[in-house]
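Going by our numbering, the first residue of the sequence shown is number 2, and it counts up by one from there.
Everything labelled a hint here was simulated from the structure, so no lab data went into it. No false leads were slipped in.
For lysine-lysine, the following DSSO-like pairs were computed, each having C-alpha atoms within a straight-line distance of at most 27 Å:
#1 359 to 266
#2 344 to 359
#3 266 to 280
#4 52 to 131
#5 109 to 267
#6 33 to 52
#7 161 to 359
#8 109 to 51
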Amino acid sequence: MSTYDDLVSILFKLPDGRSLEEYFKNILLVGKFESTDLQATVEFPECGVKKYSSYDEVIADFQASSQVAIEANAVFNQKNNTQTTSQIMYLIVVEQTEEESLSEALDKAKAYDGRFAKVVPLSRTAADLKEVASWCSTNDRFCDLAVTDTDDVADIVAGKNNYAYAIFRKTATDPIASAVASTSTCGYFGAKDGSAQFTQLSGILPETYTGSEISDMKTNNIAYYTNVSPIEGGQTDSFGYNWIIGSRMLGGELRQREMIKHYIKKSMGLMALEFFNKKPIYDETGNNLLLSMADKRFRSFQTYNLIVPTTNQQVGYQLNVTPIRVGANSIMNTDTDAYQKKKFKMTGYYYDAIVGEKVDFTFFVDPSDEDIEQILGEEE
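With the hints as extra help, turn the sequences into a complete structure.
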């Protein structure tokens with residue numbers, strides 16, 4: 002049994018806007034670039050951030066030979082990948098100036114437009130990969146990292162960071178991480194979406210690795226892109242497939258399961274906004290409304306193959322709201338602080354559709370004083 006966080010308190014800290022779709026369909030590219038990387042008459046915005054909806058828009062600003070353009074081409078070139086339903090909306094490019102750390106550049110981008118679930122760094126150096134992975138862990142985002150040396154992510158692996166996914170590549174300028182990021186932007190992450198495993202990449206050539214190299218990558222939870230064929234020897238590629246091999250985040254958890262957990266948490270956060278927008282009464286009437294809305298969400302999670310379906314043989318999920326004032330186990334009698342702050346409490350479990358493992362969770366649907374005043378027009 003795993004625990005869906007010890008406690009998930011749903012606050013009003015969601016990305017800008019109420020559409021989770023765009024949040025998952027945008028990718029952030031971050032790093033340093035020179036003025037010579039830009040087209041002759043182009044100046045990058047003073048704010049240091051710009052959004053692009055196509056490769057053509059990118060090369061209107063950047064030289065095609067620049068690393069930004071190379072990464073962008075890989076991002077937008079995956080749109081017709083038949084192994085995924087992803088349709089990237091925007092590539093957000095943020096410039097890391099000489100005076101900024103990567104974390105500061107990412108903070109800048111987040112403040113400008115927080116609608117991105119994925120980060121890809123231009124850098125391949127160990128310190129930069131570690132900093133991006135750490136920022137993503139703190140800021141509840143994912144990152145795809147291109148790795149040229151397994152030792153470069155040793156600290157991330159040791160730190161059990163499950164926000165970072167790494168793909169090995171012999172050539173440092175190869176945009177494989179951007180390609181992988183683009184193939185899992187649907188936002189449902191059931192079935193094929195979310196797991197890079199067995200994904201075919203457009204415009205990326207497979208590499209060949211020795212048994213010891215593959216063993217080293219597997220030990221460090223690093224994925225790689227290669228041709229898999231039942232026949233050994235030269236010229237046998239046509240009998241196999243070019244696939245990403247590697248399904249785990251650097252911390253060891255399955256990539257798809259982490260994305261599903263993330264999606265459910267964000268979706269329930271969005272539900273909390275909708276719930277408070279209905280101005281619920283803090284009593285069993287409000288509890289019943291919360292339970293009804295949550296049940297609708299979880300049924301949609303089953304539709305999108307995030308959790309197992311409910312049948313005569315199995316229960317996919319169970320939800321319970323804690324009584325507000327009724328009974329010895331009510332919030333009023335067991336949690337004075339939560340009661341005074343008008344927190345609604347929901348507990349339950351679901352069975353993950355990927356491995357069928359039970360995941361327990363606790364949600365405190367928790368408006369702050371400021372949120373109550375703003376949304377409900379009340380004062381505490």
